[in-house]
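There are 2 protein chains.
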Amino acid sequence: MERHFDTSLRELKEQLVVMASWVERAIEEATQGLQLSSLERLENVYELEKKINQSHMSVDSACLKLLALQQPLATDLRLIFAIIKINTDLERMGDQAVNISRNAREYIQAPPMKPLIDLPIMFQEVRQMVGVALDSFVKSNENLARDVLQRDDRVDALKNKIFKDTLEHLKTHADQIEQGLTLILIARNLERIGDHSTNIAEDVIFALTGEDVRHASQAATIKNVLKSSS
Amino acid sequence: MERHFDTSLRELKEQLVVMASWVERAIEEATQGLQLSSLERLENVYELEKKINQSHMSVDSACLKLLALQQPLATDLRLIFAIIKINTDLERMGDQAVNISRNAREYIQAPPMKPLIDLPIMFQEVRQMVGVALDSFVKSNENLARDVLQRDDRVDALKNKIFKDTLEHLKTHADQIEQGLTLILIARNLERIGDHSTNIAEDVIFALTGEDVRHASQAATIKNVLKSSS
Chain A
0 MERHFDTSLR
10 ELKEQLVVMA
20 SWVERAIEEA
30 TQGLQLSSLE
40 RLENVYELEK
50 KINQSHMSVD
60 SACLKLLALQ
70 QPLATDLRLI
80 FAIIKINTDL
90 ERMGDQAVNI
100 SRNAREYIQA
110 PPMKPLIDLP
120 IMFQEVRQMV
130 GVALDSFVKS
140 NENLARDVLQ
150 RDDRVDALKN
160 KIFKDTLEHL
170 KTHADQIEQG
180 LTLILIARNL
190 ERIGDHSTNI
200 AEDVIFALTG
210 EDVRHASQAA
220 TIKNVLKSSS
Chain B
0 MERHFDTSLR
10 ELKEQLVVMA
20 SWVERAIEEA
30 TQGLQLSSLE
40 RLENVYELEK
50 KINQSHMSVD
60 SACLKLLALQ
70 QPLATDLRLI
80 FAIIKINTDL
90 ERMGDQAVNI
100 SRNAREYIQA
110 PPMKPLIDLP
120 IMFQEVRQMV
130 GVALDSFVKS
140 NENLARDVLQ
150 RDDRVDALKN
160 KIFKDTLEHL
170 KTHADQIEQG
180 LTLILIARNL
190 ERIGDHSTNI
200 AEDVIFALTG
210 EDVRHASQAA
220 TIKNVLKSSS
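Order-wise, the sequence lines are chains A and B.
Everything in the first sequence is counted per numbering that gives the first Met the number 0, starting at 0 for the first residue and increasing by one.
Everything in the second sequence is counted per numbering that gives the first Met the number 0, starting at 0 for the first residue and increasing by one.
Since the hints were made in silico from the structure, they are not lab data.
Predicted model, so just to flag it, every value in this text is computed and none were measured.
Just to be clear, a hint being listed does not mean it is correct.
Same chains, same names: a pair is fine if it fits in one copy or spans any two.
[Said to hold, decoys possible] Each computed SDA-like pair below joins lysine to any residue, with the alpha-carbon atoms no more than 25 Å apart:
1) 84 with 215
2) 50 with 210
3) 64 with 75
4) 49 with 213
5) 50 with 211
6) 49 with 150
7) 113 with 38
8) 160 with 114
9) 49 with 209
10) 64 with 212
11) 49 with 145
12) 84 with 127
13) 64 with 109
14) 160 with 61
15) 64 with 146
Model the full assembly from the supplied sequences, consistent with the hints where possible.
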């Protein structure tokens, strides 16, 4: 028979997984809404964000209750600690989906600028990165989590390329400056979603192994970081 | 005589306060470096960020140890819970100071664009906001924390004004587009620092009162949020 504590912890994990599915959905709606110029899909993000925000508070409250009533130790404590952090990242990913949705709304209502050549590639990379990060949590799989850390450089490179190409384009199309800035901000929003996925992966590794890889991975990629300045 | 637990908790708070002073200093160096075109001051941010990152890990580790060994209850548990979250926000504020420093480096090495009219005002607003948020933690003062929540709209409005004015300027100065984008990104970095200050204030209120004001304040300012899309 499952102990009361195990039941509560399992329910907490399940709650986080449901919340994560809304976050994935919000990112999907925001990016698809832009690609398909669908205001309706962009609107869907707001309803999802409300649910994400409610979960954000109720996951924290469940974590606090578990810590207070059950006084977990070792592995269980590490898992709850990771969930507290993952919860924060998920909520901010929801905020970024809303930012994308708002920016996309402006973008698709103005005259088209130029084909969104690299943005759909970045959408795909970021959605995959989010998917693998969440999968690593659901499956308690360290390898998947480490895979996420490798993907961050690709996302950063795509963002830098979109910045550069858009700036180049605007030099000869100054009248499209609002549109160009909107694209750049969307690329920035996506990069932030990638960063949150990295945070989640780092927290999963910590929960599973007790190893804090956070600023180690930062030190290793410092050269890349120094190239990107936004 | 102070209990062992109280000593540990006091030391943890002190550690967070030292970390917070580095964060304030990093923001100061980044913004002053830009205003005074001082590469040296911009460089100082990197050393500070290293210290912030080390503290980030050691504060988390101390929180986990306290939770594991002391199994705190009620008020103490809420305080530790808040510290875990504030620690994350402080580290990200350090990241944003680094972003400002990098963007500022590009900005001051290129030909000057136009006077930074509103940016110094935004620097001041954000530095004050950070100061009041940290003060509310140090002094366990709910009123100060609530004051921070009021300041967020002003910072957002300043960011929107900088976006708008810069875009307007660029329409007739397309050759300055890189410089303009850099300014916009700095305004965005500052806005994010303001958001993290809001998070800290919300965590202080939770630690002191048990009230979770996070998405309540979001709901109240939803109208303003909807106007701003970046």
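Each hint, compared with the structure:
1. 84 with 215: This pair counts as both: shortest intra-copy Cα distance 18 Å, inter-copy 21 Å.
2. 50 with 210: between (32 Å within a copy, 20 Å between copies)
3. 64 with 75: both (14 Å within a copy, 13 Å between copies)
4. 49 with 213: Between copies only: 12 Å across, 30 Å inside.
5. 50 with 211: between (31 Å within a copy, 16 Å between copies)
6. 49 with 150: So residue 49 and residue 150 pass the 25 Å test across copies only (24 Å; inside, 29 Å).
7. 113 with 38: within (19 Å within a copy, 37 Å between copies)
8. 160 with 114: within (14 Å within a copy, 29 Å between copies)
9. 49 with 209: between (33 Å within a copy, 22 Å between copies)
10. 64 with 212: between (28 Å within a copy, 18 Å between copies)
11. 49 with 145: between (31 Å within a copy, 23 Å between copies)
12. 84 with 127: within (21 Å within a copy, 27 Å between copies)
13. 64 with 109: This pair counts as neither: shortest intra-copy Cα distance 49 Å, inter-copy 54 Å.
14. 160 with 61: neither (42 Å within a copy, 41 Å between copies)
15. 64 with 146: Classified as neither: same-chain Cα gap 33 Å, cross-chain 29 Å, threshold 25 Å.
Comparing the model with each numbered hint stated earlier shows that hints 13, 14 and 15 do not hold.
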